[in-house]
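Asks: These are the residues of each chain, in order.
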Amino acid sequence: MIAVGIDIGSTTIKVVVLDDEDKVIYSTYKRHYSKIAEKLEEVLSDLKKDILKGQTKVHLSFSGSAGMGIADSLHLPFSQEVYATREATKRFYKDTDCIIELGGEDAKILFLNGSVEVRMNGTCAGGTGAFIDQMASLLNVPIEKMDELAEEHTKIYTIASRCGVFAKSDIQPLLNQGAQKADIAESIFYAVCNQTIAGLAQGREIQGNVMYLGGPLTFMSNLRKTFDKVLGVSGLLPENSLYFVAIGSALLSKKDEEVDISNIVNRIKNYTNDENFSYIEPLFKNEKEYLTFKEEHEKDFVPILPLKGYKGPLYLGIDSGSTTLKAVLIDDEYNIRYSYYVTNQGDPVSLVKDMLIDIYNQLEEGAYIKGASSTGYGEDLIKNAFSLDHGLVETMAHFEAAKHFLKDVEFVIDIGGQDIKCFRIKNGVIDDIFLNEACSSGCGSFLQTFASSLGYSIEEFTKLAIAAKRPVNLGSRCTVFMNSSVKQAQKDGASINDIAAGLSISVVKNALYKVIRCSSKDDLGKNIVVQGGTFLNDAVLRAFEKELGVKVIRSNVAGLMGAYGASLDSKNLNLEHSSILSKEELEHFERKVISTICQGCNNKCHLTISNFGKNRIFIGGNRCEKPVTKKATDLKLDLYDFKYRLLRSYDHSEDKKEYPRGTIGIPLGLNFYELLPFFSTLFTSLGFKVVLSDPSSSKLYHQGQMTIPSDTVCYPAKLLHGHIMNLYQKGIKTIFYPCMSYNIKEKGTDNHYNCPVVAYYSEVILANMKILNDVTYLKPYLNLSEKKYLPQKLYEYLSNYYDLSLNEVKKACENAYREYDKYEKIILNKGLDILEQSKKENRLVICLAGRPYHVDPLINHDIDKLILGFGASIISEDILAKLVKKDDNVTVLNQWTYHSRLYKASDYITEHEGVELIQLVSFGCGVDAVTSDEVRDHLEKHNHIYTQVKIDEITNMGAVKIRIRSLLEALRKRENDGQA
Amino acid sequence: MMDKLKRDKRTGRVIFTKKMKKEYTILFPMMAEIHFTILQKVFNHYGYKAELLTDTSPEIAQTGLKYIQNDMCYPAILSCGQLIHAVLSGKYDLNKIALMITQTGGGCRASNYIMLLRKGLKKAGLDYIPVISLNISGLEKNPGMKITIPLIRRALAGVIYGDMLMCLKNQVEPYEKEKGTTDKLTQQWIDNLSNQLLYKNGYKLEIIKTNLESIVKDFAKIEKTDTKKVKVGIVGEIYVKYAALGNNNLEKFLKEQDCEVNLPGILNFLLFKIDNRIDDCNLYGGHKIKKFVCQKLFNYCDKIQSIFLEAIKNNSNFALPSSYKHIKELVNGVNGYGNKMGEGWLLTGEMLELAETGYENIVCTQPFGCLPNHISGKGMIRKITSIHPQANIVAVDYDAGAPKVNQENRIKLMLSIAKERLETDSSNISSK
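The listed protein sequences derive, respectively, from chains B and E.
For the first sequence, the working numbering assigns the number 1125 to the initial residue and increments by one for each residue that follows.
For the second sequence, the working numbering assigns the number 6 to the initial residue and increments by one for each residue that follows.
Excised from the complex, chain B in its bound form:
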């Protein structure tokens, strides 16, 4: 009796044959490149010929995400893959307590001891094989090499693994700053490991006999080691670790009737899909339409002439992007004389050096570089390394270039390898910027990766898309989802053409509806310039024009616009001669990289210091300017810092006083960031010693991450698990964390709710943190806006635990309310001081508008100090809200206390000079979906610029810098224009 298990996953087909004794007598592993039926037929035919040798009746079962569709339509047995894994483990490794399996797009933890539980990654593919693949290609090394590299690591950086996008934006700056690949490789493994644990363990501890399965864990010994280290176990890699699903599936098939394999092969041969996928209009109706389209777009072009034979000045622009390096050399007539475009291979400095030498070698007598500017992520690095004349924000560079092709450009959209940059131009100034901070779907690398995973070059893929008859409607969402949507479409019978076209269209839709959030073509204006390598793809360009119903400008140098803009900038500098390194200097070019940890403050930034000799030093990895300027940022004008320090002063842990009722621990997170003065005073008045959890740090966060049940909740909430753990580790036996549907009432709002997460997170903590079994956990439901009833209710609750009197509680409440008012007043006065002083010094004030808990430096990533470094002062939204007397004019239901302040603050800004707003939004904050549009409307109605910064556990500070610099640049220009 032979049993066949077939596991069809997102990228591979695995087949296993078991004999009577469940011994594996055959196994095979093939990539299917999404041609599942074809490959399957091939594999099974081989199997029939070589193994079965005439035997036709076998037990057989399918498994795997892509196997489900085939099994369904052929009416053959199917076993869910995790279930199959469990079956195989039960048969061969009975004592296993826990399985960790990483696959192509999925990560799973399977708990076998006690009640069986399975955790699969839901909507996020962070930390899976696909993620590791992506990272390897970013490091420009084959997968195996990555494992070897990790072996040699000396230190570990923090890298977000929740999303490939975030990880890329962490890794890219590290690479650009010259960090060691070995360290990055190991850091990636750590990230994967943390993601798996944080995302999947969800409060259940991973211990006992741990088994590793799946490709990444099979092939990468260092990844296994990392897991061992983090979990404190020594996990087992079983024999056939790749084939567990198939083996389990074969085992399960023995319960079903035998089937005739020849019959199945025939049925697969005739397997056609019912083609019932949702599709949209084709990009081009026919060949002719395509040709007309091509002709139209060939009009926008810059002549590209040879460098040879040219005499005279040249202007260099270098765009050192996140994945690519681009450079352009133009002459006095704006013609391109030299261009350069490579992936930066993680080492832009050496590439630029080689390129410059190449340029110098080609220069003829009389030709010379008259100006040189750099832009992009690596702007500072390149500028310092090669002593260029100027550096400019990439948005400005793109604007310069776009203007060159369309004087009255109103909107520029740039889709690059992994970022989208769009901006609106109003009165000649960049007015509104859209960046894809949270998501890389809709970017070029996405198409590229897809094309190559299906076995095509991007050019072939484009051709396929152009010829598509029925493009698949894939919607606009995350890359990870897209993989699965494509799988679904294939299952439903979409052709490769339809998929290629569908992907091109979804790139456009993502940019339009997710990043820009536009609803009609009028939103973008009439004069649109599109650029970035992705738009060189005719399918994408066409999809864009079709979606908007408008003709746009795309130049022949669409992929080089940043560099072209930089070269225009360097021309505009009107220098006599560039300060760029000469050929001789380049020949002696040296670079020493030292990595170190900054001791300037608590952040302990990992600095990479590149020394290029002759005082040309570049420091990367710093959050503030301190290591660069050697001066502490002047924190006097930073209300965020002031608030944070003031709040920490409510910690009485160092207090020597006697407290008769013992110690109460308070986790400093979420709404305690405002109500701490109240509660701290309340409990001190009642004779408790109030101890706060330590300042947030990533170490503190990781200590609690195993207990987070929902991986999509916002980071400030997740962080609370760490704070509770921290209190526990300090030996605190009583922890106070109330639930609060309502906040303190403030004037002029519809209601005064907390958001659901802030309101009830205490319930999540209690339900998911086992350590609380040894702790008295005080979790009353309180409403501070019911001043009259609060003492009574608090008394009722506390008297369950303590012997106290109502009068005592009344007194304590009075003190607490008084302290809260006092705290508010101190903050307000400090805020007024900052406003006044800034006005005197003619200093820009930035209102960092978020939530009270955004003052936590770990949550805000020291954005306040970054802005301070640019010479502005910092104030928070609550101050401005207090200064607005009239009622809100809000078009949304204004029912959350924290959020109503945002509306008021934006009103203040529209009525006062010298104050601008940057909204901080935590990733995953559902309420800000409502507030951000409303605040934007408020500001834009009055001609102010709305800037939003999305923050998460890890934030792409590069993108944040671009935003802030672009904002400051636009304000400066506006002011100049106003004066002129």
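These aren't lab readings, by the way, just hints derived from the structure by calculation.
Since the model is a prediction, treat every value here as computed from it, not as a measurement.
Please note that the accuracy of each hint is not assured.
[What the hints assert, rightly or not] Heads up, simulated DSBU-like pairs for lysine-lysine below, C-alpha to C-alpha not over 35 Å straight-line:
| no. | chain 1 | residue 1 | chain 2 | residue 2 |
| --- | --- | --- | --- | --- |
| 1 | B | 1903 | E | 296 |
| 2 | E | 205 | E | 151 |
| 3 | E | 226 | E | 296 |
| 4 | E | 11 | B | 2006 |
| 5 | B | 1781 | B | 1527 |
| 6 | B | 1418 | B | 1147 |
| 7 | B | 1903 | E | 293 |
| 8 | B | 1527 | E | 308 |
| 9 | B | 1147 | E | 424 |
| 10 | B | 1163 | B | 1593 |
| 11 | B | 1159 | E | 409 |
| 12 | B | 1903 | E | 23 |
| 13 | B | 1159 | E | 184 |
| 14 | B | 1857 | E | 333 |
| 15 | B | 1903 | B | 1869 |
| 16 | E | 296 | B | 1379 |
| 17 | E | 14 | B | 1393 |
| 18 | B | 1917 | E | 293 |
| 19 | E | 409 | B | 1163 |
| 20 | E | 293 | B | 1912 |
| 21 | B | 1869 | E | 11 |
| 22 | E | 308 | B | 1917 |
| 23 | E | 295 | B | 1917 |
| 24 | E | 257 | B | 1379 |
Add chain E to chain B, keeping to what the hints say.
Replies: Positioned in the frame of chain B, the structure of chain E alone reads:
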């Protein structure tokens, strides 16, 4: 036409006037099919030309994404998308339609759907179309739409009828001997009850009693086979829990997988929302009048629920759902009664109830990034399984980009374990 519109002074929203009531067709989005079909007639009874949208085309989500902030939760995208899609369909005279959507007034984002819908209409250049808020919290008043006590009573009757039909249909259909009998009977009753609520006094308690008893008897008569099936409960955010459009036809999928499905009724949700107001007073003090009024309404709904439960108990041996009060007891010590936003503690309670009554296989549905469900759904699963180790819960996220194939795969895993248990159980029984 446009200049005649009356607008609210503060917000500028178009007011739905008495005159409009006569002339305008009021469109409202689909959620629970049986309930909403019946409820439509309740509005018709009071002279509103209410029309339930039944279209489920994929363009609805696309329309939603185009006009509603994309980070907003999936139910907002779908329900507003369904409305705007209908408006743009060309089927209606745009000067003669109004849109209606519920507004709970709670601390969850759902209270803001209506504002987003208006923003969406504005984007489409249609902000002259009046949007009516359906709520009992006194938000946004319109002279042309009065939520009167008789209307509430009639609507509550509609809800309990819907709950009964849904409850029994789910219990009978998977086992029916003759395919289609249950569905036919359900349709007959929907028509009958709709008719009663449109023209007659189908809302009176004694009539409710008679009707519910007849329904139970009718369903009990359907011949069933003696097969054992996997029993699956569905809980979650109210829209994705009930709306096939929101959960990719989850009910249908589970039925195709040969399961018996249990969707706890809507009346519990209403009881919950009323009870929250009472609990707020208990927890935070004060507001005696509010508490008194809510208690009255609560008692009335509670009465209806007991009629519902009695009808099943006395006339059949169908599985009896738990009362709201019992569910509340189950939650004690697991989740706080003050946790009221969205589905709040009721979501946790329903999972406990299902696990207790033999529906321990549970799909916990939620829109991607649903704030209350971080707490009461995913946040409580660990605790629920510590109380009911046999609970086999899968949490599934729904949103415009989450592909069906992944959702189904996750659910299938839950089903594999459920099937295995069903087999072990039945072999244990047969070996005894």
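Asks: Confirm or reject each hint.
Replies: Checked hints:
With a C-alpha separation of about 24 Å, the suggested pair residue 1903 (chain B) and residue 296 (chain E) falls inside the 35 Å cut-off, and the hint holds. Using a Cα cut-off of 35 Å, the hinted pair residue 205 (chain E) and residue 151 (chain E) holds, with the two alpha carbons roughly 20 Å apart. As the CA atoms of residue 226 (chain E) and residue 296 (chain E) are separated by approximately 43 Å, the hinted pair breaks the 35 Å bound. For a cut-off of 35 Å, the pair hint linking residue 11 (chain E) to residue 2006 (chain B) stands: about 33 Å separates their Cα positions.
For the hint linking residue 1781 (chain B) to residue 1527 (chain B), the alpha-carbon distance of about 68 Å lies beyond 35 Å, and the restraint is violated. Of the pairs offered as hints, the one joining residue 1418 (chain B) and residue 1147 (chain B) is violated, with about 61 Å between alpha carbons and a cut-off of 35 Å exceeded. At most 35 Å may separate the alpha-carbon atoms for a hinted pair to count; residue 1903 (chain B) and residue 293 (chain E) meet this at roughly 25 Å. A C-alpha spacing of about 72 Å is found between residue 1527 (chain B) and residue 308 (chain E), which places the hinted pair above 35 Å, so the restraint is violated.
Under the criterion of a C-alpha separation no larger than 35 Å, the hint pairing residue 1147 (chain B) with residue 424 (chain E) is consistent with the structure, at around 26 Å. Our distance criterion of 35 Å between C-alpha atoms is met by residue 1163 (chain B) and residue 1593 (chain B), whose separation comes to about 25 Å. This hinted pair checks out: residue 1159 (chain B) and residue 409 (chain E) have alpha carbons roughly 20 Å apart, not beyond 35 Å. For the hint pairing residue 1903 (chain B) with residue 23 (chain E), the CA-to-CA distance comes to about 49 Å; that exceeds 35 Å, so the pair is violated.
With a CA separation close to 38 Å, the supplied pair residue 1159 (chain B) and residue 184 (chain E) exceeds the 35 Å bound. The straight-line distance between the Cα atoms of residue 1857 (chain B) and residue 333 (chain E) is roughly 30 Å, inside the 35 Å bound, and the hint therefore holds. As the CA atoms of residue 1903 (chain B) and residue 1869 (chain B) are separated by approximately 21 Å, the hinted pair is consistent with the 35 Å bound. In summary, the hint linking residue 296 (chain E) to residue 1379 (chain B) is not supported, as the alpha carbons are separated by about 60 Å, beyond the 35 Å threshold.
About 69 Å separates the Cα atoms of residue 14 (chain E) and residue 1393 (chain B), which puts this hinted pair outside 35 Å; it is violated. Between the alpha carbons of residue 1917 (chain B) and residue 293 (chain E) the distance comes to roughly 16 Å, so the proposed pair stays at or under 35 Å and holds. At most 35 Å may separate the alpha-carbon atoms for a hinted pair to count; residue 409 (chain E) and residue 1163 (chain B) meet this at roughly 24 Å. With a CA separation close to 14 Å, the supplied pair residue 293 (chain E) and residue 1912 (chain B) stays within the 35 Å bound.
About 32 Å separates the Cα atoms of residue 1869 (chain B) and residue 11 (chain E), which keeps this hinted pair within 35 Å; it holds. Taken as a hint, the residue 308 (chain E) and residue 1917 (chain B) pair is honoured in the structure, with Cα atoms around 31 Å apart against an allowance of 35 Å. With a C-alpha separation of about 19 Å, the suggested pairing of residue 295 (chain E) with residue 1917 (chain B) holds against the 35 Å cut-off. Pair hint residue 257 (chain E) plus residue 1379 (chain B) holds up; C-alpha atoms about 27 Å apart against a cutoff of 35 Å.
Hint compliance for this structure: hints 3, 5, 6, 8, 12, 13, 16 and 17 are broken, all remaining hints hold.
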